[in-house]
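What follows is each chain in one-letter form.
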Amino acid sequence: MKFGVVRFPGSSGDKDAYFAVRDVTGQSVEYIWHESTDLSGFDCIILPGGASYGDYLRAGGVAKNSPIIDAIRKFADGGGRVIGIGNGFQILCEAGLLPGDLLMNNTARFRCLPVKVRVDNNTSDFSGKCCKGQVLSLPIAHLTGRYYCDSDTLNVLEKDGRVLLRYCDESGNATEQANPNGSVGNIAGVVNERGNIAGMMPHPERAVEDILGSTDGVCILQSMVEARL
Amino acid sequence: MSITDTKPIEPKEYKEMGLNEAEYNEIVRVLGRHPTYTEVGMYSVMWSEHCGYKYSRPILRLFKKYREAIDGAGLENAGIIDIGDGLGVAMKIESHNHPSAVEPFQSAATGIGGMLRDIFTMGARPIAALNSLRFGPLDEPRNRYLFEQVIAGLGYYGNAVGVPTVGGEVYFEECYSGNCLVNAMALGLIRHDEVAYARADGVGNSVLIVGSYTGRDGIHGATFASVELNEESESKKSNVQMGDPFVENVLIEATLEAIASGFVVGIQDMGAAGITCSTCETSAKAGTGMRIDVKNVPTREECMTPYEIMLSESQERMLAIVQKDKVDEVTAIFKKWGVPANVIGEVTDDGLVHVYEGDDLVAQVPAKSLADDAPTYQLEAKEPAYLAALQNYDLSQVSEPADYNEALLAILASPSIASKQWAYEQFDQTLLTNTVVAPGSNAAVLRIRGTNKGIGVVVDCNGRYCYLDPFVGAQIAVAEAARNLACSGAKAVGATDCLNFGNPERPDGFWQFKRAVEGLAEACEFFDAPIVSGNVSLYNETPEMAVYPTPAIGMLGLLDDVEKHCTSEFKAEGDVVVLISGVRFDEGEKLPVCERESLGGSEYLKVIHGIVAGRPPVLDMEQEKRVHGALLKGIGDGVIKSAHDCADGGLAVTLAESCIAGGIGADVKLSANCGPSAALFAETQSRVVVSVEAEKLGLLREIVDAYRVESTILGTVGGDAMTIAVNDVEIINVGVSELDSCWRNAIPGKMAETGVEC
Amino acid sequence: MAKVNVYVTLKPELLDAQGKVVKAALENLGYNGVQDARVGKFIEIVIADSGNIEKDVDEMCRKLLVNPNTEDYRFEIEKG
Amino acid sequence: MAKVNVYVTLKPELLDAQGKVVKAALENLGYNGVQDARVGKFIEIVIADSGNIEKDVDEMCRKLLVNPNTEDYRFEIEKG
Ligand SMILES: Nc1ncnc2c1ncn2[C@@H]1O[C@H](COP(=O)(O)OP(=O)(O)O)[C@@H](O)[C@H]1O
Ligand SMILES: [Mg+2]
Numbered sequence: 001m002k003f004g005v006v007r008f009p010g011s012s013g014d015k016d017a018y019f020a021v022r023d024v025t026g027q028s029v030e031y032i033w034h035e036s037t038d039l040s041g042f043d044c045i046i047l048p049g050g051a052s053y054g055d056y057l058r059a060g061g062v063a064k065n066s067p068i069i070d071a072i073r074k075f076a077d078g079g080g081r082v083i084g085i086g087n088g089f090q091i092l093c094e095a096g097l098l099p100g101d102l103l104m105n106n107t108a109r110f111r112c113l114p115v116k117v118r119v120d121n122n123t124s125d126f127s128g129k130c131c132k133g134q135v136l137s138l139p140i141a142h143l144t145g146r147y148y149c150d151s152d153t154l155n156v157l158e159k160d161g162r163v164l165l166r167y168c169d170e171s172g173n174a175t176e177q178a179n180p181n182g183s184v185g186n187i188a189g190v191v192n193e194r195g196n197i198a199g200m201m202p203h204p205e206r207a208v209e210d211i212l213g214s215t216d217g218v219c220i221l222q223s224m225v226e227a228r229l
Numbered sequence: 001m002s003i004t005d006t007k008p009i010e011p012k013e014y015k016e017m018g019l020n021e022a023e024y025n026e027i028v029r030v031l032g033r034h035p036t037y038t039e040v041g042m043y044s045v046m047w048s049e050h051c052g053y054k055y056s057r058p059i060l061r062l063f064k065k066y067r068e069a070i071d072g073a074g075l076e077n078a079g080i081i082d083i084g085d086g087l088g089v090a091m092k093i094e095s096h097n098h099p100s101a102v103e104p105f106q107s108a109a110t111g112i113g114g115m116l117r118d119i120f121t122m123g124a125r126p127i128a129a130l131n132s133l134r135f136g137p138l139d140e141p142r143n144r145y146l147f148e149q150v151i152a153g154l155g156y157y158g159n160a161v162g163v164p165t166v167g168g169e170v171y172f173e174e175c176y177s178g179n180c181l182v183n184a185m186a187l188g189l190i191r192h193d194e195v196a197y198a199r200a201d202g203v204g205n206s207v208l209i210v211g212s213y214t215g216r217d218g219i220h221g222a223t224f225a226s227v228e229l230n231e232e233s234e235s236k237k238s239n240v241q242m243g244d245p246f247v248e249n250v251l252i253e254a255t256l257e258a259i260a261s262g263f264v265v266g267i268q269d270m271g272a273a274g275i276t277c278s279t280c281e282t283s284a285k286a287g288t289g290m291r292i293d294v295k296n297v298p299t300r301e302e303c304m305t306p307y308e309i310m311l312s313e314s315q316e317r318m319l320a321i322v323q324k325d326k327v328d329e330v331t332a333i334f335k336k337w338g339v340p341a342n343v344i345g346e347v348t349d350d351g352l353v354h355v356y357e358g359d360d361l362v363a364q365v366p367a368k369s370l371a372d373d374a375p376t377y378q379l380e381a382k383e384p385a386y387l388a389a390l391q392n393y394d395l396s397q398v399s400e401p402a403d404y405n406e407a408l409l410a411i412l413a414s415p416s417i418a419s420k421q422w423a424y425e426q427f428d429q430t431l432l433t434n435t436v437v438a439p440g441s442n443a444a445v446l447r448i449r450g451t452n453k454g455i456g457v458v459v460d461c462n463g464r465y466c467y468l469d470p471f472v473g474a475q476i477a478v479a480e481a482a483r484n485l486a487c488s489g490a491k492a493v494g495a496t497d498c499l500n501f502g503n504p505e506r507p508d509g510f511w512q513f514k515r516a517v518e519g520l521a522e523a524c525e526f527f528d529a530p531i532v533s534g535n536v537s538l539y540n541e542t543p544e545m546a547v548y549p550t551p552a553i554g555m556l557g558l559l560d561d562v563e564k565h566c567t568s569e570f571k572a573e574g575d576v577v578v579l580i581s582g583v584r585f586d587e588g589e590k591l592p593v594c595e596r597e598s599l600g601g602s603e604y605l606k607v608i609h610g611i612v613a614g615r616p617p618v619l620d621m622e623q624e625k626r627v628h629g630a631l632l633k634g635i636g637d638g639v640i641k642s643a644h645d646c647a648d649g650g651l652a653v654t655l656a657e658s659c660i661a662g663g664i665g666a667d668v669k670l671s672a673n674c675g676p677s678a679a680l681f682a683e684t685q686s687r688v689v690v691s692v693e694a695e696k697l698g699l700l701r702e703i704v705d706a707y708r709v710e711s712t713i714l715g716t717v718g719g720d721a722m723t724i725a726v727n728d729v730e731i732i733n734v735g736v737s738e739l740d741s742c743w744r745n746a747i748p749g750k751m752a753e754t755g756v757e758c
Numbered sequence: 001m002a003k004v005n006v007y008v009t010l011k012p013e014l015l016d017a018q019g020k021v022v023k024a025a026l027e028n029l030g031y032n033g034v035q036d037a038r039v040g041k042f043i044e045i046v047i048a049d050s051g052n053i054e055k056d057v058d059e060m061c062r063k064l065l066v067n068p069n070t071e072d073y074r075f076e077i078e079k080g
Numbered sequence: 001m002a003k004v005n006v007y008v009t010l011k012p013e014l015l016d017a018q019g020k021v022v023k024a025a026l027e028n029l030g031y032n033g034v035q036d037a038r039v040g041k042f043i044e045i046v047i048a049d050s051g052n053i054e055k056d057v058d059e060m061c062r063k064l065l066v067n068p069n070t071e072d073y074r075f076e077i078e079k080g
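Protein chains in written order, with this note's numbering: chain E, 1 to 229; chain C, 1 to 758; chain D, 1 to 80; chain R, 1 to 80.
Hints are computed from structural coordinates only; laboratory data are not their basis.
There is no bait here: all hints are sound.
Taking lysine-lysine and the DSS-like style, the derived pairs with C-alpha atoms no more than 27 Å apart in a straight line are: (1) K335(C) - K23(R); (2) K20(D) - K11(R); (3) K79(D) - K11(R).
Here are a few chain E residues that sit away from chain D, every Cβ distance over 10 Å (derived from the structure): (4) Y18; (5) K159; (6) D160; (7) G195.
The beta-carbon is built from N, C-alpha and C at its ideal position, and this holds for glycine as well.
Work out the full structure: start from the sequences and follow the hints.
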C-alpha cells in the first residue's frame, strides 16, 4: 500500500506523518508537492498538520485552492482514501470535501496538550482497528480547532454515525469539561458520506511510539492500512 | 558627492547614531577621509555594543571557546556541540529585550525568527525552541499585557514556523517592570560534514539576497538596544520589525535544500544591522571583499536610500555566497519554495565592501574594520553600594510563619513558582515527534531520530541570587541547569548564555557583569558544559532601576539511551522518598537535613516576609558534581523512578511539585536543628528529591556511597495528601488537590483578574 | 485602478471567540454598557479595473477571501 | 444604544505578511491586476450611548482595540 503526504508551503507536520507511516506501519510513503495533479499509484493521501501559508487569512483557506485539491477530489471520487489531520482537516473542510468548518477555539488561544477522544465509529476505513467506545489519548495543537456545522448537518452526521472521534473524559463521557475548544457535540473528527475521507484535529501521527508517551494513534494508521481498498 | 571629497559629518549627527568623537576620528583614520553618511551609519551600528560588543568583548574572553574562536577562525552564528554518530547540535540563545518592552508581540515573534536563522544558516535543521522570560509582577496591568503579548507572539511565530517549543522559564520581579527580558533559544541538528559557514570565499562568486523584501523597519535597532530605555523609547517605535513565520518556514526548507546542493559557498542570516553586518562579516571572515549594488536589492517600499537599505533590519532575509556558475541552480531551489533570491553583487579580493547605488559609489569600507575592529573599552568595575548591607542582613530576626500550610500554599501560588501551563499550552510542544519529556518536568528531553540517543535541554537562572552575589548566582544558574539535566538522566555537554545586565558604563553595573561572567566561565568549565555561543544584552534599565543581573544559561545534556530518561512526578504508592544531597559524606557523621541552610535570597523570604536579602545559598561545585554523578548512575541503572531538584521554594515546594505531577500524596518526616521554615523553604543547593521502590533502597545506598554523597530517607509516597513533620511535629498537611489547584490556577487567575491593558 | 474594501464578519449565530475576549476586556476597563463585540476582517485591495469589477470581487470573496459557510461579507469599490 | 464600527489597518510602511499571501493567492486564481492587498480588522461593538461616545470609543481603540505601534484606525458611530 502506498501513502502520499501532501506538502503545502508552510506544512510542518508532513515529516511526522511521513515517519509514522514509514516507521510504524511499514508501508511505502512519498511526499507530494501541492502543485502536483497526478495521484496515480497512491492508495492513501494524508494532508498533514502545520500552518499552510502561515494560516494567514483563514487556516486552510489559501491551501484549498492548490492544484492538488482537485486531484484529491478525483482521487476520492474514485474511491481513494484521504485523511486530513489538524491543518489538513481545516483544508478538507475549506475545500468542501468534508462537512462543517473549524473556527477559532472558544478560548481564543492556541492550545497544545494531550486530550482524550472516544472512538464513536469503528466501521470506517480510519477506525476499523479501534474498538467502539475506546478512549484514545492523543495530542492536540491548534488555534482553529472548534468544529462547527449547522444543525441539519449535525443531525445527519449523528444519524449516519459519521462522527469518528469525540473529546471525552477518562471514562469516555463527552463532557463540556473535556471539550478543549468548544467543538459542537464534542466532535474531534468526522468522515464523509462515502466513508473514504476523514478529518480530525487530534494528531494520531504524534502518538505512535511509547517513547512519545502514547501509541494510541497507531490504531488509526493501522485501520487505514488494513481496510479493504 | 564623490567618495573622495567627503565632508566632515556634524558631531550632532554621529552622536545621535551612538558614536563618540574618538570613534568618529578612528573612522576617519581608517578610511583616510571623512565617511559618507551611509558609511557613518554602517559604522555606528557595527560598533554599537549590540553588534560590536565594545564593552563586553574583553570580559567574554573569559569563555574558553569564545577566546579560541576570536583568536582563530572567528565566531560562527551558533555553537555546535558534538553528540556522537557524526551528529552535532547547534545551539544559541538571544535577547529581544528592548524591542519587547515597546512592542511585545512582534518583538517576541521576531526574537524566535532571528534565533532560528542563526541555526539553519549553519545547515542545521531547527528541532526545538525554548525561552527565558522576566516580567514585573502580574498585579500591574502593564505587566499582564507584556506577559500575554510576549507569550502570544512566541506562540504565533513558533507554531506557524513549525518548530516545537519544549521548555523555558518565567520569573516575575519588580525590577523587570520597566524592562522585561525576552530571551529566545533554539537548537538544530546537523551532520558535522554538512556544516555551512558564514564566509564569502572565492573571488568572483555571486552574492545573493534571499527571502523577504527590504523595508524601512528596524533601522538602527542595534543602536536602540545599546541604550537605556526612557521616554524617548516611545518615539523610537518606528523600529518595530514585523515577523513573517510563513516566509521563515519556507526559508528554512529552501535554505537547507540550497546548502545541500553544494553550490552555496557561504551563508549568513541578516539580523541586527542587516545587509551591512552580513556583507562585512562574511567578507572579513574569508579575508575577501565584496561589491554590491543596492539597486538590486528588492525593496518593499519606494525610494529607499542606500543608507536605509544598508541598515534595514527587515526580517526573514539571508545573504548567500554562491558559486558563480551555479546561480541558476540555486535560485531555482529558492523559486520552487516561493522565496525571492536576487544577485546583488560579487566577491572581490581587496578586503573592501563597496556599496554602489547604480553607478554611484556610496560606501567603500574595509570589511574587517567594521566586523572585527570595533573599539573595545576596559570599563571600571566597582562593587555596588547596596551589596554589603543586603548580604549582611541579619536573617535571625525573621520570624516563623503563623501557619506553615498557608505559607506553602502562598509560595506555590507565587507566579514565579506556580505552574506555567498557561504559557506553554500556547506553544506547540510535540510537533516533529521528538518530544519525549514536554514542559512540566525538569529538563525537556528529545529523542534523536535514527539513533538510541536523546538530548536534554533546559534554561535556568535565578536573578535574585545574582543580585545578591553575581559570582555565586551565576554559578548556581549553571549548577541548576546541569542538575535539571541530571534529574532527567542527561549528562551536561554544552551551554549557551544570554547575559542580561544593566548599564555597563556605571562601575557597579559593570562589576555585576564581570563577576557573573567570571562565575559562569568557571562553572561551565567545571561541569564540562563549555559555553559554545551566547548573547549580551546590556542597558536593561530605566531611570528608576536596573534589572537584576540575569545571566540565563541554556544547557544541553546527552542521554546515550533515551529510554532511560527520568521525570519529576512520584510514580507509585509505597515508593520511598529520598533526599540526595551534596553534603560531604564522612563516616559516622550524620548531618541533619537543614544544618547548613540559609534562607538568603529565597522565595519564602520574598513572598512571606517581603524581604530580598541575605546571601544566596552556598554552592560547592565538587559536591554538586557528585550529586549529578549519583543521579545519572541511579537513573541509568533503573534504580531511581522520579527525580526533582530542590530549587526555588525549597524542599517543601519540590515535594509538592512531585506530588502534584504524580497526582499522589506523600508522608514525610524531617529532622532539623534550625527553624522549621528553613527546613521547608531554604533553597540549599545540590539537593534532589528522588523516589525509589523499597526493594531498591540498598542499590541506591551503594550508589550514593560510591559517589560520596548523602542520602536521607524522607518518607513514602501515597495517599491523597502531602504531610510533613519536622522533628516529629506535623506542620504541613494539605490535600494534593488543594496543592494542585493553588499552583495550577495562580497564573490563569492573575491573568483573568482584570484583563489586560496597554 | 480601483480600490476595494471588503468587510468580512462571522455569521451572527456563531460564537465569536475573539469578540468575547474583547467584550470582557472592555468591561474590565470599565465600559459597562457593552452589549456585543465582534471581530471581523477588513481587506483592502487595489486592483486594475477589469470593467467587470463587481463580479470579479464577488468571485474573489467566494473563492478565497470568505468562507461562505461561516462568514458574511460585503464590499465597496472606489473606482479611481 | 449605538453601533460602532472600528476599522483597524496595519500601518502602511509595515510588512503585511497576510496581505502578501492574499495577493499571491489572488494572482494564482488568475486575477492579474492586483496591485496590493492588505488585511486589517473590522470590529463591531454595540454599546449604550454614554453621551460621550466619540471620546469613549477613541479611548477604547487606544487602550485595547488597536496596537498603536503597528496599526492605524478609524471608526464610525451609528447612534440608534
Ligand atoms: N516560558 C516557558 N516556555 C515553555 N516552557 C516553560 C516556560 N516556563 C516554564 N516552562 C516549563 O515549565 C516547567 C517548570 O518551569 P520552572 O518552574 O521554571 O522549572 P524548574 O523546576 O526547573 O525551576 C519546565 O518544564 C519548564 O520548561
Ligand atoms: Mg527554574
